[in-house]
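Number of protein chains: 2
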Amino acid sequence: MTVTGSILIGNEDVTTSSTFQAFNAATGQPFGPAIYEAGAAEVDRAANLAAAAAPAFGATTPEARAAFLEAAAEAILAIGDALIETAMAESGLPRMRLEGERGRTVGQLRLFAAEVRAGRWLDVTIDPAMSDRQPLPRPDLRRMNVPLGPVAVFGASNFPLAFSVAGGDTASAFAAGCPVVVKGHPAHPGTGELVARAIRSAVVSSGLPEGVFSYLPGTTHDLGGSLVSHPAIQAVGFTGSRGGGLALVELAQKRAQPIPVYAELSAINPVVLLPAALAEDAEGLGKAFVASLTMGSGQFCTNPGLVIALDGPDLDRFIAAAADAVSCAVPQVMLTPGIAAAYAKGVAALEQNPAATQVAVGLPGEGTAGTAALFKTSAAEFMADAALGHEVFGASSVVVAARDHDELKALLATIEGQLTATLHMREADNALAAEVLPVLSNRVGRVLANGWPTGVEVSHAMVHGGPFPATSDSRTTSVGTLAMTRFLRPVCYQSIPDAILPPALQDANPWHLPRRIDGTWVAA
Amino acid sequence: MTVTGSILIGNEDVTTSSTFQAFNAATGQPFGPAIYEAGAAEVDRAANLAAAAAPAFGATTPEARAAFLEAAAEAILAIGDALIETAMAESGLPRMRLEGERGRTVGQLRLFAAEVRAGRWLDVTIDPAMSDRQPLPRPDLRRMNVPLGPVAVFGASNFPLAFSVAGGDTASAFAAGCPVVVKGHPAHPGTGELVARAIRSAVVSSGLPEGVFSYLPGTTHDLGGSLVSHPAIQAVGFTGSRGGGLALVELAQKRAQPIPVYAELSAINPVVLLPAALAEDAEGLGKAFVASLTMGSGQFCTNPGLVIALDGPDLDRFIAAAADAVSCAVPQVMLTPGIAAAYAKGVAALEQNPAATQVAVGLPGEGTAGTAALFKTSAAEFMADAALGHEVFGASSVVVAARDHDELKALLATIEGQLTATLHMREADNALAAEVLPVLSNRVGRVLANGWPTGVEVSHAMVHGGPFPATSDSRTTSVGTLAMTRFLRPVCYQSIPDAILPPALQDANPWHLPRRIDGTWVAA
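Chains as they are written, first to last, in my numbering: chain A, 37 to 560; chain B, 37 to 560.
No wet-lab data here; the hints were simulated from the structure. Hints are supplied without guarantee of correctness; some may be wrong.
Copies of the same chain look alike in the list, so a pair counts if it works inside one copy or between any two.
[What the hints assert, rightly or not] With a straight-line cut-off of 30 angstroms between C-alpha atoms, the simulated DSS-like cross-links for lysine-lysine are:
| id | residue 1 | residue 2 |
| --- | --- | --- |
| 1 | Lys-290 | Lys-381 |
| 2 | Lys-290 | Lys-323 |
| 3 | Lys-445 | Lys-290 |
| 4 | Lys-445 | Lys-323 |
| 5 | Lys-381 | Lys-323 |
Here chain A stands alone, though its shape is the one from the complex:
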């Protein structure tokens, strides 16, 4: 499988009159062939093809849909090392990280396959008729979830596999029975095309209609705008910047028929160091914190950009250990020149902010390598200056020292919506932790203890989401099996003859689904 630069609309390779170029993230040199720019015409073709495919794909059996997800996983593995090498060049991420990310991407598709087979997501609920009920009989009522229809997916730059063409948004939309049109990220178009071809091959080998998947690479805002505004598109998944995500939300609301946008926007992922934990292991925490902060050049949505603790000698020890670690941090190539420039600008703003003191800076780097940075401020100053709480995407973090428990709690109560919050605690911290936990859980999608927020498990219980501005919709997650509920809606079938009911609702239960009958769940 080789990269051609084509746009993939259903089974067709499409070219246009305009192209752009991928770059090697480390060298800044052009990489791979010219990539054709998709535009409004390609959006229209892909979206209409998706709409045409939606009824048949939405009606596939759980087994057929699961097999398709598994075929996509196999096809991605079958690309082999070309995928890893292309992604390494385009993203600057190291081999081990990308091999891990491929494993995550493939595992995610397989987990959704298993979830589709389990059938719970259909939420089949049957209230049988009660023909003798007084004063009025109850009709036969049967409810199930149905797919929303074609979904537009905007991949992220920082996970060229797991949050991109075949990432969590695409996998969960497929699992829900929705065709997908991917707007390919311009930072990794070669990687994107290889994965897109793998998905296409799974569509073909699974005998599904071609409109189930299209891939539209491009660099323009117009491309994304056309896609979100197209009448056939029924929902949007997005991972990226706050500005970009909010622009799509606004477009989606302005449509004649508004549609949901699931946008992951920004987060600084506060880490709270409680006194006993800090006293016991300030140095160890400082080192571990910097390992989490600098991993992948800090380019994670869940990067710990804020550390909060009570002021005092233990916090000083933590800061000293963290400062040591930051000072030795070897700069890593960032994903794109744009991201590197934004990171440098964010760090410069903190350096120039009189309310923040720079306590350490990493080793200097060349080109687009990001130099780690650590700052310190007081809780009073942090609460007085919103700029100190802005996300700096990369390996920069701010340590906030609170005077006492009350100021600590007051500070936590002012923090805006986040993907995660972390507590470091020992048993002696339980009383304070119990007070702080509800405050944090009220502001985040995931709260964790004695770990670091980077590293997001793909599982049933995971929530990768959170209140605004972490995401545009706090009611969901973009990682884990629950993500597929984003692309479903309930429909009630009342007194419909069994002969024409969808199989999921038929009396004989041909799909062997768990069902809630008259209020009680019954296994298949």
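Since the structure of chain A is provided, determine the placement of chain B on it from the hints.
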């Protein structure tokens, strides 16, 4: 219990410098005491009180919350006949209808109580730690749903009990653990106050913080706008006009922190008469249709405002029977002079539309009584003129004749989002019904056969919702137990010590909840 005209903020009766007046719907005469107008200051007090109550109310045990819902039901019944008489005067609806509606309202609160106790809504999902997993261990992950926070509820005029102060939005928000601030509908402020006092008494007798419920009557758009824009409000439930609902959606999106709005907007609820059903019982269907159309002066969200069938002698028989029934329809008082005027305007627009033929008109009425009206048009004309598909809230409907199966299906594919669609069919219609069913289910929240859309069961399988513009959010329902999921969001707890975990997630399962452990649901 008597109506005082007060605003109810928590436990306090509040008055302002401005008042308005309720009217007797039948006579147009002033009814009851002057009602104090709530404004931005009252919104601020109520919303802040709700925010203060949210953590404690959100942490109540299922048993305590269920008992509160049941206490509210008891307190509503304890108002006795004063409630029915007040509602009759203010709404013009007959006693039997309002007694039925009270039963529905009370039954709804009790059903939510049972659902809260069953505990499934918490969606407790536990992925146990796998400390030996390679290449990385899995942490302990536990997910549950938490309430969004204070909810603003805008009641409907057409159900002064079941979709108003203690209606489905309020009941489901309470069930989810969210405090509620009701914007009282100015068409039934006396009814609203009586129910609000009943809820307040349940809050007090249940030992809950007073901010769990407040009631703000008023006539101004500013009141509703202030409420939706208040930072403490976290979600909105609305039943009313398309214009009003969309204005609230826009306000909610413009907030610094956007919030979800669940607005039920408009619907014409197409009824499709398939050939065999029509041939067998054209006259019976015509009569039954008009009974559904004119019930309650047609003032139902699910009123059948559109009938679709193949042209021919059977449809002529249906129209003749329906026209006979409409001609004898006795006008009924409408809810408000404004609704009556809007209805008359909608009917006049159809009368003046050259594409529609008036086939029958009901008996003339006095004052605000609504005279039934029936129109006919062709599928071609209907598809060419969107005005024929606009909702006319009241007892007016349009019969659309299609040339053949293809035109029938083409027409159905153009219909915008609806609350319901209805099929009348016999076994001989199965093939056509099987083709039409997916088209309809793609556009509605509920599809039913051989019945009429009016009459919405409150149960587990019900969906009272549907794609835009039926509602602002197709992923939900405003009736039935599923409605409470609108006010919840998931939170993941990772490696949190059992001692400080919320009870719902603790190993010992003190709330005896069903849980999904490592992918498998386990009964309590």
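Do the hints match the structure? See the list:
1. For a Cα distance limit of 30 angstroms, the shortest separation of Lys-290 from Lys-381 across copies, 28 angstroms, qualifies, whereas the shortest one inside one copy, 33 angstroms, does not.
2. Neither within a single protomer nor between protomers do Lys-290 and Lys-323 lie at most 30 angstroms apart by alpha-carbon distance, with minima of 48 angstroms and 42 angstroms respectively.
3. For the homomeric pair Lys-445 and Lys-290, the shortest alpha-carbon distance between copies (29 angstroms) is at most 30 angstroms, but the shortest distance inside one copy (39 angstroms) is not.
4. Taking CA atoms no more than 30 angstroms apart as the test, Lys-445 paired with Lys-323 passes inside one copy only; the shortest distance there is 25 angstroms, against 66 angstroms between copies.
5. When the C-alpha separation of Lys-381 and Lys-323 is checked against a cutoff of 30 angstroms, the pair qualifies only within one copy, where the shortest distance is 26 angstroms, while the shortest distance between copies is 73 angstroms.
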